[in-house]
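Put chain H on the given structure of chain B with help from the hints.
So the protein sequences, as listed, match chains B and H. Letter by letter, the first sequence follows residues 0 to 386 in numbering that gives the first Met the number 0. Letter by letter, the second sequence follows residues 0 to 89 in numbering that gives the first Met the number 0.
Honestly, the hints are just simulated from the structure, not real lab data. Treat the hints with care, since some could be wrong.
Residues from chain H shown here face chain B by an in silico Cβ test under 7 Å; the list is partial [claimed, not checked]:
(1) Lys1
(2) Tyr3
(3) Asn61
The calculated BS3-like cross-link candidates involving lysine-lysine, where the alpha carbons are at most 27 Å apart (straight line), are [what the hints assert, rightly or not]:
(4) Lys76/H x Lys155/B
(5) Lys197/B x Lys37/H
(6) Lys309/B x Lys354/B
(7) Lys156/B x Lys76/H
(8) Lys78/H x Lys34/H
(9) Lys383/B x Lys333/B
(10) Lys217/B x Lys34/H
(11) Lys66/H x Lys34/H
(12) Lys217/B x Lys2/H
(13) Lys2/H x Lys213/B
(14) Lys76/H x Lys217/B
(15) Lys309/B x Lys367/B
(16) Lys235/B x Lys275/B
(17) Lys213/B x Lys76/H
(18) Lys333/B x Lys367/B
(19) Lys383/B x Lys343/B
(20) Lys2/H x Lys37/H
(21) Lys197/B x Lys1/H
(22) Lys238/B x Lys217/B
(23) Lys1/H x Lys156/B
(24) Lys155/B x Lys2/H
(25) Lys372/B x Lys275/B
(26) Lys254/B x Lys366/B
(27) Lys37/H x Lys213/B
(28) Lys213/B x Lys1/H
Only some residues are given here: those of chain H computed to face chain B with a beta carbon under 10 Å [stated by the list, open to error]:
(29) Met0
(30) Lys2
(31) Asp4
(32) Ser7
(33) Cys8
(34) Ile9
(35) Pro12
(36) Gly15
Note that the coordinates shown come from a computational prediction; the quantities given were computed from them, not determined experimentally. Note that CB positions come from ideal geometry on N, CA and C, so glycine has one too.
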Amino acid sequence: MSVMINTGNYIAAKAAVMARPQVVAAYPITPQTTLVEGIANYVESGEYTGEYICVESEHSAMTACIGASEAGSRTFTATSSHGLLLMHEMLHWAALARLPIVMCNINRVIGPGWNIWSDQNDSIAQRDTGWLQIYCSSNQEIFDTIIQSFKLAENKKIVLPVLINYDAFIISHTSMPAYIPDQEEIDDFLPPLNPAWKLDVDNPVAHGTLIGTKYYEKLRRAMHDAQQNAIKLIPKIAKDWEKQFGRNHGDLFEKYQCEDAEYILISMAAIGAESKVAIDNLRKQGIKIGLARLRIFRPFPSEEVIALGKQAELIVIDRNISIGSEGAMFNEIKSALYQQSDAKVTGFIAGLGGKDVPYGDIEKMCKKAIQGKTKNHQIWFGFKEDD
Amino acid sequence: MKKYDITSCISYPEEGAMGKTGSWRVFRPTLDIKKCVKCLRCWIFCPEGSIKRNKDDTVEINYDYCKGCGVCANVCKVKAITMKRENEKK
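Here chain B stands alone, though its shape is the one from the complex:
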């Protein structure tokens, strides 16, 4: 084991290479660029010996990964914002073809106007593609999650691609220390891929042919069942990881000060990490509040949300907005609670366009929700008309 002090992207590159993917196909885009640059460095140093394909667009990056994965290779790629959007068609393809591709997406604003800061609307827009979605809040968590994600994606009960998300710059370009296990330890945890199916001249199959209405629904149902299986498997893999490496970032949720909480704040990614400071401060003021940082957005952990709703009032901060509706997390949390709990849920939209969400603002949002002084059940934080 060693300690590496570096940015989220370089630590993600390290993890990706240590997972020994046979193929990486990627196209650079800010703020993901240093991740693929990191992998290129490992090609140069000889540490990465797989096939590294520089393609001409993100659409091609995903299709190259699809081809490689169909041929039975472990594959990795990374992108951000508009790159992810350009992949959209192929994201559906990868999931329907049941390919265990692992991808990092650095959450970045969608233009216009042009902006490279943190915002989750890029990945939230991919929520119906069939990909599993994980949100990370530290460099160590990124490293551990990438390795675990290959194990998750390749499990015979899952066989779906995984999207690992973290915030532009706040995480991607911020240096933090991370423990890096030895390669042998990683190999021990993550054996070589044994694909669930592949294109193989000795055992020929055709893939992606015409399919009648009678069979198509079965494909969708099988994907849905596989995502439900992941609800059970994610905590198991997290526990196995903890047993071997002594770290656990939470499985579906990371819970902080939740035991006796009367209010629980739910947030994701970097806002989730920042929220811990707000929780400590609010506790000092005598408010019994806890934090549940949502790590897994797909599959959506409905049972755990219901348990939280039965315990406490919920406060949700979304760094995304489904225009014309609500924040995605807020929306899905209420949907999970339907007929199961009458918990009050207050939603906030905050930090769009990379606007900073410091712990002071998180405290203000929590207090506003607790005091019940809100005009609407969802508030755009900082907008006078919503106050």
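Leaving out everything else, chain H in the frame of chain B:
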């Protein structure tokens, strides 16, 4: 033949894996066996594998899968295959 234990759009090679695909044919290749010189050009060029080659190198057309593209009639040197509208008298 290896079969995979996964629900995906995988099909395994067998005759008619996609069902009978010759149902929308407009032109029907008709073989005059008396003119055939067993050169097998039709068998080589048929894009759908719908020409059956017998042991003595005579050929038959499988109308379950033939889509009536006319390649066989085009490559036939002796004009043993002609294309006729499906609604014409066979």
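### Message
Under the constraints set out in the numbered hints, which ones does this structure not fulfil?
### Response
Failing hints, ascending: 3, 4, 5, 6, 7, 10, 14, 17, 20, 22, 27, 36.
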